[in-house]
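Number of protein chains: 2
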Amino acid sequence: MRFTINRETLVSNVQDVMKAVSSRTTIPILTGIKIVASDEGITLTGSDSDISIECFIPIQEDDRQNVEISKMGSIVLQARFFADIVKKLPGETVEMEVLDSLTTRIRSGSSEFNLNGLDPEEYPRLPEVEGTEGFSIQADLLKSIIRQTVFAVSTSETRPVLTGVNWQLEEGRLTCTATDSHRLAMRNVTIESKDGDLNFSNIVIPGKSLSELAKIIDDTDDLIEIIVAENQILFKAKQLLFFSRLLDGNYPDTSKLVPNESKTTITVSAKQMLQAIDRASVLAREGRNNVVKLVSQDNDLMEISSNSPEIGKVFEQVEAQSYEGEELKISFSAKYVMDALRAMDSSEVLISFTGAMRPFLIRPIEGDSILQLILPVRTY
Amino acid sequence: MRFTINRETLVSNVQDVMKAVSSRTTIPILTGIKIVASDEGITLTGSDSDISIECFIPIQEDDRQNVEISKMGSIVLQARFFADIVKKLPGETVEMEVLDSLTTRIRSGSSEFNLNGLDPEEYPRLPEVEGTEGFSIQADLLKSIIRQTVFAVSTSETRPVLTGVNWQLEEGRLTCTATDSHRLAMRNVTIESKDGDLNFSNIVIPGKSLSELAKIIDDTDDLIEIIVAENQILFKAKQLLFFSRLLDGNYPDTSKLVPNESKTTITVSAKQMLQAIDRASVLAREGRNNVVKLVSQDNDLMEISSNSPEIGKVFEQVEAQSYEGEELKISFSAKYVMDALRAMDSSEVLISFTGAMRPFLIRPIEGDSILQLILPVRTY
Numbered sequence: 001m002r003f004t005i006n007r008e009t010l011v012s013n014v015q016d017v018m019k020a021v022s023s024r025t026t027i028p029i030l031t032g033i034k035i036v037a038s039d040e041g042i043t044l045t046g047s048d049s050d051i052s053i054e055c056f057i058p059i060q061e062d063d064r065q066n067v068e069i070s071k072m073g074s075i076v077l078q079a080r081f082f083a084d085i086v087k088k089l090p091g092e093t094v095e096m097e098v099l100d101s102l103t104t105r106i107r108s109g110s111s112e113f114n115l116n117g118l119d120p121e122e123y124p125r126l127p128e129v130e131g132t133e134g135f136s137i138q139a140d141l142l143k144s145i146i147r148q149t150v151f152a153v154s155t156s157e158t159r160p161v162l163t164g165v166n167w168q169l170e171e172g173r174l175t176c177t178a179t180d181s182h183r184l185a186m187r188n189v190t191i192e193s194k195d196g197d198l199n200f201s202n203i204v205i206p207g208k209s210l211s212e213l214a215k216i217i218d219d220t221d222d223l224i225e226i227i228v229a230e231n232q233i234l235f236k237a238k239q240l241l242f243f244s245r246l247l248d249g250n251y252p253d254t255s256k257l258v259p260n261e262s263k264t265t266i267t268v269s270a271k272q273m274l275q276a277i278d279r280a281s282v283l284a285r286e287g288r289n290n291v292v293k294l295v296s297q298d299n300d301l302m303e304i305s306s307n308s309p310e311i312g313k314v315f316e317q318v319e320a321q322s323y324e325g326e327e328l329k330i331s332f333s334a335k336y337v338m339d340a341l342r343a344m345d346s347s348e349v350l351i352s353f354t355g356a357m358r359p360f361l362i363r364p365i366e367g368d369s370i371l372q373l374i375l376p377v378r379t380y
Numbered sequence: 001m002r003f004t005i006n007r008e009t010l011v012s013n014v015q016d017v018m019k020a021v022s023s024r025t026t027i028p029i030l031t032g033i034k035i036v037a038s039d040e041g042i043t044l045t046g047s048d049s050d051i052s053i054e055c056f057i058p059i060q061e062d063d064r065q066n067v068e069i070s071k072m073g074s075i076v077l078q079a080r081f082f083a084d085i086v087k088k089l090p091g092e093t094v095e096m097e098v099l100d101s102l103t104t105r106i107r108s109g110s111s112e113f114n115l116n117g118l119d120p121e122e123y124p125r126l127p128e129v130e131g132t133e134g135f136s137i138q139a140d141l142l143k144s145i146i147r148q149t150v151f152a153v154s155t156s157e158t159r160p161v162l163t164g165v166n167w168q169l170e171e172g173r174l175t176c177t178a179t180d181s182h183r184l185a186m187r188n189v190t191i192e193s194k195d196g197d198l199n200f201s202n203i204v205i206p207g208k209s210l211s212e213l214a215k216i217i218d219d220t221d222d223l224i225e226i227i228v229a230e231n232q233i234l235f236k237a238k239q240l241l242f243f244s245r246l247l248d249g250n251y252p253d254t255s256k257l258v259p260n261e262s263k264t265t266i267t268v269s270a271k272q273m274l275q276a277i278d279r280a281s282v283l284a285r286e287g288r289n290n291v292v293k294l295v296s297q298d299n300d301l302m303e304i305s306s307n308s309p310e311i312g313k314v315f316e317q318v319e320a321q322s323y324e325g326e327e328l329k330i331s332f333s334a335k336y337v338m339d340a341l342r343a344m345d346s347s348e349v350l351i352s353f354t355g356a357m358r359p360f361l362i363r364p365i366e367g368d369s370i371l372q373l374i375l376p377v378r379t380y
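In the order they appear, the protein sequences are chains S and E. Read in order, the letters of the first sequence correspond to residues 1 to 380 in our numbering. Read in order, the letters of the second sequence correspond to residues 1 to 380 in our numbering.
Just so you know, these hints were derived from the structure itself, not from any lab. For clarity, every value in this text was computed on a predicted model and none was experimentally measured. A hint or two may mislead.
All copies of an identical chain are treated as equivalent in the list; a pair is satisfied when it fits inside any one copy or across any two copies.
Pairs of lysine-lysine residues, derived as DSS-like cross-links and limited to a Cα-Cα distance of at most 30 Å, are as follows [said to hold, decoys possible]:
id, residue 1, residue 2
1, K87, K313
2, K236, K329
3, K256, K143
4, K208, K293
5, K215, K238
6, K335, K87
7, K329, K87
8, K271, K335
9, K88, K329
10, K256, K238
11, K19, K335
12, K313, K88
13, K88, K215
14, K71, K271
15, K271, K87
16, K19, K143
17, K263, K329
18, K19, K71
19, K88, K335
20, K215, K236
21, K88, K293
22, K271, K88
23, K335, K215
24, K71, K87
Input sequences plus hints: build the corresponding full structure.
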């Protein structure tokens, strides 16, 4: 293997595949990045066996020469050192050559590294998912879907299936649901571009995979192709393949959790509500498990309060844009409601309560594209 | 105590005094910020007993009304909560009032906090250093002096006096020295404004105090007055007092460490040298204790290299602007030389060596305002 590559292009692609490389892997070869020089360009691969990322750098792109390949071949180099080195190299281009016995020479400007490589034949193959049916979503929409659901996955391994986000595709409608059994986040989108009548219901993608994916994809309207296979899902961008394993187990049926009726419905500014709860929770963070109280008052006013005898008390007033239904007296986790409010894109939100001990819902004023459900905390 | 204060002014002053408050103190009252309302304005004090910071907010400043005081008095409030609260309050102003039994009401916009206060009478008094002779330095110069020396203090408590920076004032010349016994950083400045013929030699200021001071003072040409007392030093800016205790013990005489002669002298770009050593140390960080080699070659060229058998080798070439004297073969800690090069403000530096086992010096091309000394590592 021998090629010369534009340094900045190499750096940004290495940073992308690094997102899949873990230093805590038990499989030594996975501490490396696989580099393959073919007659079309350079392919970089990183993996922690849960997530695998493959980046492709074409020889030429938009009239710009990225790579000049003089000898095809492949090598695996220690990811941590390789990423640090290419970031710091002084030249505009980097020359890489595999010498004898896997030693790889990296030259740029006045700098020369000789790194001990690993045998590329030992690097695990990526899952075969091509040929399977798929559908597409715009990159920026995919990022929103992830941001609006992934925070609600469980961080406990007691029920591993809850550490993932459930994706269901039915009649062209994708529903993404996450819950840690104290709260639930759900996002709906209509899929326009898909193969045939693709439907699935029990796909559970690890939260960590989705968080890494959201970091790696750009905020553009480029289409991301999504292919679901046996126990893998593949997100396919222009020059990037992102594989994640799927979680085993049956995702619980969450549709029965959502109340159909409500006793109190308020419309409120998401930002005002968020900031008032944030302040009320300053004192609650200590002893009281981050729980704040909401009590309705006269004239569409609500009081949000918290009391930590050792530190002090706080009272916040929030004015609802509209208030319909019964009086309200409810306690909840400030963190859960703040997470939910941050996930709402609208400036005004609808909050509907069905009593102090029943889950309440936060939704946009119009449409049902987002639903955030939160279980209250018993204090009265 | 009762007053109304501009919120932004309060926030920035609270952030300043917070730099002295430690959550790990064993003296409960020092977890608080002392607030005093007098007929001139508001004084805030924070302390961890090593460092004490006092900020003063005058009633009026540059035609702007900062504070309106309706009742003088004082209180101590839990620093962590108070700082978090004022940062998040919604209004442009904050109203503070001590109610009965030390409870303090903080109101702003639609928000109201009742914090349990602590007895201000229990708060320790600040050291008395006023009336003592002092001298002044421009704030930006003081920041430079700190930045160019404090990194070289010892992090080990084996010889506590080495965890501080030694300040000597003799005939109007201030010399600041820090050493961890492997390297030494020294900075000289001429003091123009001082009282009488003030001289001192065994003043040792804790490195941590100086780092905090550098964070808190602005990069302006305002004069900072410096007053040295028995076991305290006071830095006095316009509306800020910064006290630090001094370290006990005799600071070692470091003047004998600096070689008078040199066998090899090179002039080199500080940036090129820094970047080459940075790359050479990427592999050295692992097994070899961060040691790199420098070997002179023909034509003013120097090779900087490192070899970690398990990972690989690296060779860097740096061209000296001038090279005089004997051939060179020396090993040193990459970190120490990088720290020293970063502290140099000049783009070109003079490095003088007196053999592979003798300390070498890094200085600016002209003048003796900065001197960085580094002990080599024996490898040949």
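Worksheet item: Where does the structure disagree with the numbered hints, that is, which hint numbers, in rising order?
Response: 2, 4, 10, 14
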